[in-house]
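Engineer: Here is how the chains run, residue by residue.
Protein chains: 2
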Amino acid sequence: MKSNRPLILISNDDGYHAPGIKKLVDIVRPLADVLVVAPESARSGYSCAFSATDYLRLKPRHNMGDTTVWSCTGTPVDCVKIAIDQFCKERKPDLILGGINHGDNSSVNNHYSGTMGVAKEGCLKGIPSIAFSSCFYNEDANLEPLRPYVEQIVSKVLKEGLPKGICLNVNFPATESFQGVKVCRMTRGSWISEIVKEHHPRGYDYFWVVGKYRNDEPQAEDSDQWALNHGYVAITPTTIDVTAYNFMDTVRGWDIK
Amino acid sequence: MKSNRPLILISNDDGYHAPGIKKLVDIVRPLADVLVVAPESARSGYSCAFSATDYLRLKPRHNMGDTTVWSCTGTPVDCVKIAIDQFCKERKPDLILGGINHGDNSSVNNHYSGTMGVAKEGCLKGIPSIAFSSCFYNEDANLEPLRPYVEQIVSKVLKEGLPKGICLNVNFPATESFQGVKVCRMTRGSWISEIVKEHHPRGYDYFWVVGKYRNDEPQAEDSDQWALNHGYVAITPTTIDVTAYNFMDTVRGWDIK
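Residue numbers (this note's numbering), protein chains in the order written: chain A, 271 to 527; chain B, 271 to 527.
Be aware that one or more of the hints could be misleading.
Pairs involving identical chains hold if they fit within one copy or between any two copies, as the list cannot separate such chains.
[Stated by the list, open to error] 20 Å max Cα-Cα, derived EDC-like pairs, lysine to aspartate or glutamate: (1) Lys395 with Asp355; (2) Lys359 with Glu491; (3) Lys292 with Asp303; (4) Lys362 with Glu414; (5) Lys434 with Asp519; (6) Lys293 with Glu421; (7) Lys452 with Asp364; (8) Lys467 with Asp355; (9) Lys329 with Asp492; (10) Lys467 with Asp296; (11) Lys467 with Glu310.
If you are wondering where the hints come from, they were derived from the structure by calculation, not from laboratory data.
Computed from a predicted model, the values in this text were never measured in an experiment.
Given the sequences, and given the hints that come with them, work out the whole structure.
Structural biologist: Encoded structure:
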């Protein structure tokens, strides 16, 4: 991969074999050299988790043109860390992409998403980073309509970069025909009814984490959920600095000694 | 637990057996009824991860006075979800606490920390939430000097609450005598040299994720790392809304179609 083209590192949380990551590689290969390091198995909901106690292994899996797809036994964040350490010593990626995720990462899913974990880790490493997600949960869904949007966003960021500490969370509504693009803020929402209790045949209870998403501001036209519910591609710029600046003076007033 | 006292839910990422969580229970029991649901084993670095594909189990482990300590096989976030669903149907917690973590959760660790995962999950559920962490990594460290600060902060938040969407990240420096309290912003920093390659006796390579923290702004007196490095207790108010508002107009100007 010694070329004059930019280098893009791609990972995801659905695993190296997911149709979404293959589609993303297919879309960006004309624009850049591409390196893929993605989880060996599905790691949905892994957020910014990394493997503090488990060892990692790396395996070459298959080729897409001149791109070798590697699997890593760890989390999405681990994939970014090991890819940069093991494959990018001489040439740092110009851009890091997560996705295309099979499922919605807007609203509070920004916090839980392993796809956003990829983008945040890239951003923490000072590299422009974008997460792409489709609200189609079905892995057989047609993601081809995303192509021109992904191409334009990737080209723009390759050309202009992103400010330090800011990455993009891009979500596509569950449709094959989009109304356009909206730049949004994160929707306030909640997961409810999250735990389902089951009884094991051996006599004990166990639990699944599932849940329903509740939009707490469905009328907010500047929110990413509103954009998605109305057929728009939602771009939610996301900050690494999570300081609540507007509450600092109140806490100072508490005068804890 | 039917009393007029407030109810505090406590979890952590070091596991239900860690000295830090026992110390936290001990400190707050005079102030409230306490419920503990914490990971069965250490879950450091689990961020806001939840178990999307693994089932959970719950087990009562031991009692601290009238508080039953439960373990959960899942992540710190799972612990909050299952505790609220299974134990808080009639009475929602008034406050959710993570910790006391054995290790520093300031700066970018805010994103990786399972202790902050507890606080963020509580905040996502609309409940005032605080993470407490000590920069002593040694589990034998004396955490008794934290007591008056934890008491004051917990009492203040029980009385006044926190704004929706804001939780507190409280870190204590690795000393037994504090200079006071500083309300801080998150320090810009990075983890570097994160991957160590080893060779397995069976002939393959494997990798550990470790690393060194690099402070990218060591002179910034308003940052949480500066406070900790100068002996102050650091309170970093943390926001759930991670929208990068100041970059939205730039992205709108890209005019993606």
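Engineer: Within a copy, between copies, both or neither: where do Lys467 and Asp355 come within 20 Å Cα-Cα?
Structural biologist: Answer is between: at 10 Å across copies they meet the 20 Å cutoff, but 42 Å inside does not.
Engineer: Within, between, both or neither: how does the pair Lys452, Asp364 come out at a Cα-Cα threshold of 20 Å?
Structural biologist: neither (25 Å within a copy, 37 Å between copies)
Engineer: Quick one: Lys467 to Asp296, C-alpha cut-off 20 Å, is that within a copy, between copies, both, or neither?
Structural biologist: So Lys467 and Asp296 fail the 20 Å test inside a copy (41 Å) and across (31 Å) alike.
Engineer: Go through the copies and call it for Lys434 and Asp519: within, between, both or neither, with a Cα cutoff of 20 Å.
Structural biologist: between (26 Å within a copy, 16 Å between copies)
Engineer: At most 20 Å between CA atoms: does that hold for Lys329 and Asp492 within a copy, between copies, both, or neither?
Structural biologist: neither (43 Å within a copy, 44 Å between copies)
Engineer: If the cut is 20 Å between Cα atoms, do Lys395 and Asp355 qualify within a copy, between copies, both or neither?
Structural biologist: within (11 Å within a copy, 37 Å between copies)
Engineer: Could you place Lys293 and Glu421 in one of the four classes (within, between, both, neither) given a Cα distance threshold of 20 Å?
Structural biologist: Classified as within: same-chain Cα gap 12 Å, cross-chain 53 Å, threshold 20 Å.
Engineer: Given a CA cutoff of 20 Å, do Lys292 and Asp303 count as a within-copy pair, a between-copy pair, both, or neither?
Structural biologist: within (15 Å within a copy, 51 Å between copies)
Engineer: Which holds for Lys359 with Glu491 at a C-alpha limit of 20 Å: within a copy, between copies, both or neither?
Structural biologist: Neither: 44 Å inside a copy, 34 Å across copies.
Engineer: I want to check one pair: Lys467 and Glu310. Are their C-alpha atoms no more than 20 Å apart within a copy, between two copies, both, or neither?
Structural biologist: between (29 Å within a copy, 18 Å between copies)
Engineer: I want to check one pair: Lys362 and Glu414. Are their C-alpha atoms no more than 20 Å apart within a copy, between two copies, both, or neither?
Structural biologist: So Lys362 and Glu414 fail the 20 Å test inside a copy (29 Å) and across (46 Å) alike.
Of the hints listed earlier, those the structure fails to meet are numbers 2, 4, 7, 9, 10, in rising order.
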